[in-house]
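Colleague: Each chain is listed here by its residues.
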Amino acid sequence: MNAIDFILAGMLGAATPFLLAALGELVAERAGVLNLGVEGLMAFGAVLAFIIVYHGGGHFLGFVAAGLGSAVLSLVFAVVALGFRANQVATGLAIGILGQGLSALFGKTYESLTVKGLPKLAFPWLSEIPVLGSLFIQDIVVWLSLAATLALWGMFAYTKTGLVVRAVGENPKAAHAIGYSVTSVRVFAIAFGGAMAGFAGAYAAVVYTPLWADGMIAGRGWIAIALVVFGTWLTGRIFLGACLFGAVSLMGLAAQATGLDVPSQLLSSLPYLVTIIVLGIISADRRLLKLNGVASLGEPFER
Amino acid sequence: MTDPLLSLRGISKSYGQIHANQGIDLDVAPRSIHAILGENGAGKSTLMKLIYGVEQPDDGTAIWEGEPLSLASPAQARRKGIGMVFQHFSLFETLTVVENIRLVVKGRTADLTERIRTLGRDFGLEVDPLAPVHALSVGERQRVEIIRCLMTNPKLLILDEPTSVLPPQSVDKLFDTLRRLRDGGVSILFISHKLEEIRAICDHATILRGGRVTGNVDPRDHDAHDLACMMIGRDMPDPMPALPLSGGEKRLEIIGLDHQPDDPFAVRLSNISLSVRAGEILGIAGISGNGQSELASLISGEAVLPREQRDRIYMMGKDVGTLGAAARRQRGFAFVPEDRLGRGAVPEMSLVLNSLLTAHPLGLLRHGLVDRASARALTNECIRQYDVRTSGPEAEAGALSGGNLQKFIVGREIMLSPKLLFVAQPTWGVDIGAATAIRRRLITLRNEGMAILVISEELEELFELCDAIQVLHHGRLSPPLATRDTRPEEIGRYMMGAHSSPEKAVA
Numbered sequence: 001m002n003a004i005d006f007i008l009a010g011m012l013g014a015a016t017p018f019l020l021a022a023l024g025e026l027v028a029e030r031a032g033v034l035n036l037g038v039e040g041l042m043a044f045g046a047v048l049a050f051i052i053v054y055h056g057g058g059h060f061l062g063f064v065a066a067g068l069g070s071a072v073l074s075l076v077f078a079v080v081a082l083g084f085r086a087n088q089v090a091t092g093l094a095i096g097i098l099g100q101g102l103s104a105l106f107g108k109t110y111e112s113l114t115v116k117g118l119p120k121l122a123f124p125w126l127s128e129i130p131v132l133g134s135l136f137i138q139d140i141v142v143w144l145s146l147a148a149t150l151a152l153w154g155m156f157a158y159t160k161t162g163l164v165v166r167a168v169g170e171n172p173k174a175a176h177a178i179g180y181s182v183t184s185v186r187v188f189a190i191a192f193g194g195a196m197a198g199f200a201g202a203y204a205a206v207v208y209t210p211l212w213a214d215g216m217i218a219g220r221g222w223i224a225i226a227l228v229v230f231g232t233w234l235t236g237r238i239f240l241g242a243c244l245f246g247a248v249s250l251m252g253l254a255a256q257a258t259g260l261d262v263p264s265q266l267l268s269s270l271p272y273l274v275t276i277i278v279l280g281i282i283s284a285d286r287r288l289l290k291l292n293g294v295a296s297l298g299e300p301f302e303r
Numbered sequence: 001m002t003d004p005l006l007s008l009r010g011i012s013k014s015y016g017q018i019h020a021n022q023g024i025d026l027d028v029a030p031r032s033i034h035a036i037l038g039e040n041g042a043g044k045s046t047l048m049k050l051i052y053g054v055e056q057p058d059d060g061t062a063i064w065e066g067e068p069l070s071l072a073s074p075a076q077a078r079r080k081g082i083g084m085v086f087q088h089f090s091l092f093e094t095l096t097v098v099e100n101i102r103l104v105v106k107g108r109t110a111d112l113t114e115r116i117r118t119l120g121r122d123f124g125l126e127v128d129p130l131a132p133v134h135a136l137s138v139g140e141r142q143r144v145e146i147i148r149c150l151m152t153n154p155k156l157l158i159l160d161e162p163t164s165v166l167p168p169q170s171v172d173k174l175f176d177t178l179r180r181l182r183d184g185g186v187s188i189l190f191i192s193h194k195l196e197e198i199r200a201i202c203d204h205a206t207i208l209r210g211g212r213v214t215g216n217v218d219p220r221d222h223d224a225h226d227l228a229c230m231m232i233g234r235d236m237p238d239p240m241p242a243l244p245l246s247g248g249e250k251r252l253e254i255i256g257l258d259h260q261p262d263d264p265f266a267v268r269l270s271n272i273s274l275s276v277r278a279g280e281i282l283g284i285a286g287i288s289g290n291g292q293s294e295l296a297s298l299i300s301g302e303a304v305l306p307r308e309q310r311d312r313i314y315m316m317g318k319d320v321g322t323l324g325a326a327a328r329r330q331r332g333f334a335f336v337p338e339d340r341l342g343r344g345a346v347p348e349m350s351l352v353l354n355s356l357l358t359a360h361p362l363g364l365l366r367h368g369l370v371d372r373a374s375a376r377a378l379t380n381e382c383i384r385q386y387d388v389r390t391s392g393p394e395a396e397a398g399a400l401s402g403g404n405l406q407k408f409i410v411g412r413e414i415m416l417s418p419k420l421l422f423v424a425q426p427t428w429g430v431d432i433g434a435a436t437a438i439r440r441r442l443i444t445l446r447n448e449g450m451a452i453l454v455i456s457e458e459l460e461e462l463f464e465l466c467d468a469i470q471v472l473h474h475g476r477l478s479p480p481l482a483t484r485d486t487r488p489e490e491i492g493r494y495m496m497g498a499h500s501s502p503e504k505a506v507a
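Taken in order, these protein sequences are the chains called A and B.
The first sequence begins at 1 in full-length UniProt numbering and counts up by one.
The second sequence begins at 1 in full-length UniProt numbering and counts up by one.
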């Protein structure tokens with residue numbers, strides 16, 4: 001297996017934690033809420049899923065628990081940030097730290113234990129294409145997250161729900177004036193973002209690298225937040241960005257496998273380096289940010 | 001008399017110390033156009049927000065079609081059949097017209113698109129359903145708002161200062177639409193402080209002053225002067241006559257300026273030329289959103305031209321296009337921006353500190369440190385001279401009413417005795433008495449030889465103040481028109497772009 005094959009086969013799997021978390025954050029940000037707690041929400045979901053799968057609860061139950069658990073934790077953020085109109089940046093950071101702390105606490109006795117991952121499902125016909133075929137042999141969660149990407153894209157492009165979320169994010173006062181409850185929309189958006197972060201964490205812990213180690217999320221939550229800006233709040237671009245990060249994070253492994261003489265620390269820092277560079281490039285285009293950006297992002301709503 | 005559609009009894013609302021509405025009684029008959037008349041700050045907008053449920057009253061009851069109305073939320077008001085068109089529109093700029101409407105009206109996009117077109121034809125409210133809102137003119141946005149309300153089949157339509165954004169010709173068209181709606185069975189609450197309009201269209205008027213009802217009249221039985229007296233509670237001061245002056249030297253000159261701002265929602269300015277001489281007031285008319293704020297920030301120095309755009313903006317004979325705001329002020333320029341909170345003043349800081357922001361050259365610094373005693377004295381002087389109603393120089397700027405803060409900012413800039421004064425929307429949100437005082441003051445300064453540039457949406461104001469008027473439309477400026485030889489209708493034609501770009505009419 002050469003490096004290209006290796007990256008093609010693994011890219012979507014590596015991209016999935018980024019993608020799921022970024023899609024959740026996208027919905028929250030589109031509604032005007034900046035939740036910086038994604039990293040902690042992912043870690044919390046990861047530990048819940050790992051414990052349940054380790055004790056034989058199965059992957060399905062593990063994902064459900066991770067989604068619910070992180071959603072509940074994100075509702076704490078909702079209460080403080082929306083209910084008390086606290087600063088969203090500070091609140092998000094605090095919830096993130098809380099999530100990471102809880103994750104370390106619950107995961108203490110599971111350190112270095114392993115569980116079984118999920119089998120890969122081959123997409124009929126497509127998986128037989130030479131070279132590209134390995135792209136279409138993925139586990140069920142990858143397929144579901146691709147479906148979620150399509151569903152969210154359709155929601156923002158065509159449905160009234162998508163319109164309401166965008167409206168609340170762009171001009172909460174006007175949304176209130178035409179009869180929508182800004183707070184309920186935002187609470188749902190935050191809970192959705194929390195659940196998606198939980199799924200993302202669960203995927204990382206029980207499918208992608210089914211081994212528990214404290215701090216295993218390793219900054220992927222932060223990259224997911226950067227991805228939302230990187231994708232200028234557009235679902236399709238966020239998907240492409242997630243794939244790019246998936247590929248970049250595999251490059252380190254691929255380089256080691258081919259015996260390239262580069263320090264592994266340098267290679268594993270590649271995703272973060274790429275984040276900084278791409279964000280810089282994107283932010284240079286003010287018009288793009290302004291056209292797609294969320295006008296009320298991070299601002300508490302007061303009527 | 002038939003039973004009223006809506007009646008309010010004893011409605012009160014306070015914001016902290018300010019009693020915006022006190023014991024308001026109001027009856028709106030079915031099929032009527034009912035004016036709510038009052039100065040800025042009289043409590044008109046507050047009352048409408050209470051009826052529509054955007055805010056909740058502290059006290060009072062409401063009856064809607066014989067049944068109690070709880071005034072709880074806009075959603076509830078809309079279910080009952082109350083629609084509202086806001087003064088500052090509640091549209092979503094990044095969405096298209098039909099998406100904006102779909103947020104409010106049930107239905108498939110294709111059906112709604114067709115209904116928007118039909119309604120547009122029936123009521124003279126044509127607009128492209130698939131256009132994004134940020135690309136529409138202000139007049140078109142207003143039509144979208146009205147269409148959006150009409151599609152919910154309201155029994156009562158509230159219009160908050162609907163004509164303030166329209167050129168004179170479009171006002172007539174709006175009035176036609178409103179009459180057709182009334183004849184179709186809709187009652188209309190029409191909020192305004194423009195007396196002639198109310199006499200032209202309304203069959204009933206309730207007058208508010210200082211948060212209380214001071215009169216209920218048929219506006220057609222009273223002339224504008226009577227209504228004004230009821231509205232402000234005293235006689236109007238006379239305008240100040242302008243002395244004819246011979247041409248002084250050019251204090252501001254803009255030559256063939258083209259500018260594409262970074263903001264994609266901003267208006268592109270093309271081929272702007274104007275000049276203001278000493279002892280002259282030049283007015284820039286036009287509906288807001290046609291490039292006023294873009295032009296204003298280029299003149300004030302908030303936006304700076306790139307190096308290759310030198311030789312475009314001259315002040316006192318010097319090229320200042322590439323200089324920042326502070327450097328322009330050093331050359332004798334002073335500026336009153338249109339938004340008072342945030343640009344004209346820092347809301348969280350006291351009036352003394354706000355004076356310091358621009359008036360520090362007036363001996364308020366000693367050895368580079370703030371001299372609080374003289375800053376305080378200057379602030380007191382400004383408060384006294386410009387009749388600013390406040391608890392004192394230590395009051396927070398944000399605690400002043402809009403009109404009072406405007407008087408303070410205008411006063412502060414005038415006290416700098418600049419050679420060139422630029423005022424954007426000098427009397428926006430200021431009550432009639434204070435507005436007249438500000439205008440008299442501007443004319444006095446002109447008579448003393450100051451060069452003054454005014455941007456205003458109010459044509460009457462420009463006609464009272466200016467020696468010449470230029471009209472801004474879609475980022476293009478008309479040639480100067482001498483005020484004394486020009487009728488408002490001619491300005492109106494320029495406001496709709498009749499001369500500058502004939503294919504695209506605003507409203």
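Some hints could be false.
Said to hold, decoys possible - Chain A side only, calculated, beta carbon under 7 Å to chain B, not exhaustive:
id, residue
1, K108
2, R287
3, L289
To be verified - SDA-like, lysine to any residue: derived pairs with alpha carbons at most 25 Å apart:
id, chain 1, residue 1, chain 2, residue 2
4, B, K80, B, H204
5, B, K419, B, G289
6, B, K194, B, S401
7, B, K194, B, R484
8, B, K419, B, A325
9, A, K173, B, G398
10, A, K173, B, G289
11, A, K160, B, H134
12, A, K160, B, S401
13, B, K194, B, D172
14, A, K290, A, F156
15, A, K173, B, T118
16, B, K106, A, A247
17, A, K173, B, D160
18, A, K160, B, G398
19, B, K194, B, D25
20, A, K160, B, R484
21, A, K173, A, V79
22, A, K173, B, L69
23, A, K290, B, L364
24, B, K80, B, L130
25, B, K106, A, V79
26, A, K160, B, T109
27, A, K173, B, H134
28, B, K106, A, F123
29, A, K120, A, V262
30, A, K290, A, L163
31, B, K318, B, G342
These aren't lab readings, by the way, just hints derived from the structure by calculation.
Built from N, CA and C at the ideal position, the CB exists for glycine as well.
Colleague: Would you mind marking each hint as holding or not holding in the structure?
Modeller: Taking the hints in turn, this is what the structure says about them:
The criterion of a C-beta within 7 Å of any C-beta in chain B is not met by A/K108, whose closest approach is roughly 47 Å, and the hint is violated. About 5 Å separates the beta-carbon of A/R287 from the nearest beta-carbon of chain B, less than 7 Å, and the hint is met. Because the closest C-beta pair between A/L289 and chain B is about 10 Å apart, greater than 7 Å, the hint is violated. Straight-line distance between C-alpha atoms of B/K80 and B/H204 comes to about 23 Å, which keeps the hinted pair within the 25 Å bound.
Between the alpha carbons of B/K419 and B/G289 the distance comes to roughly 28 Å, so the proposed pair goes past 25 Å and is violated. Restraint check for B/K194 and B/S401: the C-alpha separation of about 21 Å stays at or below 25 Å, so the hint holds. For the given pair, B/K194 sits about 22 Å from B/R484 by alpha-carbon distance, which is consistent with the 25 Å threshold. Between B/K419 and B/A325 the CA atoms are separated by roughly 15 Å; this keeps the pair inside 25 Å, and the hint holds.
At most 25 Å may separate the alpha-carbon atoms for a hinted pair to count; A/K173 and B/G398 meet this at roughly 20 Å. As the CA atoms of A/K173 and B/G289 are separated by approximately 20 Å, the hinted pair is consistent with the 25 Å bound. The straight-line distance between the Cα atoms of A/K160 and B/H134 is roughly 20 Å, inside the 25 Å bound, and the hint therefore holds. In summary, the hint linking A/K160 to B/S401 is not supported, as the alpha carbons are separated by about 39 Å, beyond the 25 Å threshold.
Among the hinted pairs, B/K194 with B/D172 is consistent with the structure: their alpha-carbon atoms are about 14 Å apart, no more than 25 Å. At most 25 Å may separate the alpha-carbon atoms for a hinted pair to count; A/K290 and A/F156 meet this at roughly 18 Å. Between A/K173 and B/T118 the alpha-carbon distance is near 29 Å, which puts this suggested pair outside the 25 Å criterion. For the suggested pair B/K106 and A/A247, the alpha carbons sit about 44 Å apart, so the restraint of at most 25 Å is broken.
Our distance criterion of 25 Å between C-alpha atoms is met by A/K173 and B/D160, whose separation comes to about 16 Å. A C-alpha spacing of about 38 Å is found between A/K160 and B/G398, which places the hinted pair above 25 Å, so the restraint is violated. For a cut-off of 25 Å, the pair hint linking B/K194 to B/D25 stands: about 22 Å separates their Cα positions. As the CA atoms of A/K160 and B/R484 are separated by approximately 54 Å, the hinted pair breaks the 25 Å bound.
Distance restraint check for A/K173 and A/V79: the Cα-Cα separation of roughly 20 Å lies within the 25 Å cut-off, and the hinted pair is therefore satisfied. For a cut-off of 25 Å, the pair hint linking A/K173 to B/L69 stands: about 23 Å separates their Cα positions. Between A/K290 and B/L364 the CA atoms are separated by roughly 40 Å; this puts the pair beyond 25 Å, and the hint is violated. At most 25 Å may separate the alpha-carbon atoms for a hinted pair to count; B/K80 and B/L130 exceed this at roughly 29 Å.
Note on B/K106 and A/V79: the hinted pairing is violated, with a Cα-Cα distance of about 31 Å set against a maximum of 25 Å. Only pairs whose Cα atoms come within 25 Å are accepted, and A/K160 paired with B/T109 is accepted, the gap being roughly 10 Å. Between A/K173 and B/H134 the CA atoms are separated by roughly 17 Å; this keeps the pair inside 25 Å, and the hint holds. Between B/K106 and A/F123, the direct Cα distance comes to roughly 40 Å. Violation of the 25 Å bound is thereby established for this hinted pair.
A threshold of 25 Å between alpha carbons decides the hint, and for A/K120 with A/V262 the separation of about 31 Å lies outside it, so the pair is violated. About 18 Å separates the Cα atoms of A/K290 and A/L163, which keeps this hinted pair within 25 Å; it holds. Restraint check for B/K318 and B/G342: the C-alpha separation of about 29 Å exceeds 25 Å, so the hint is violated.
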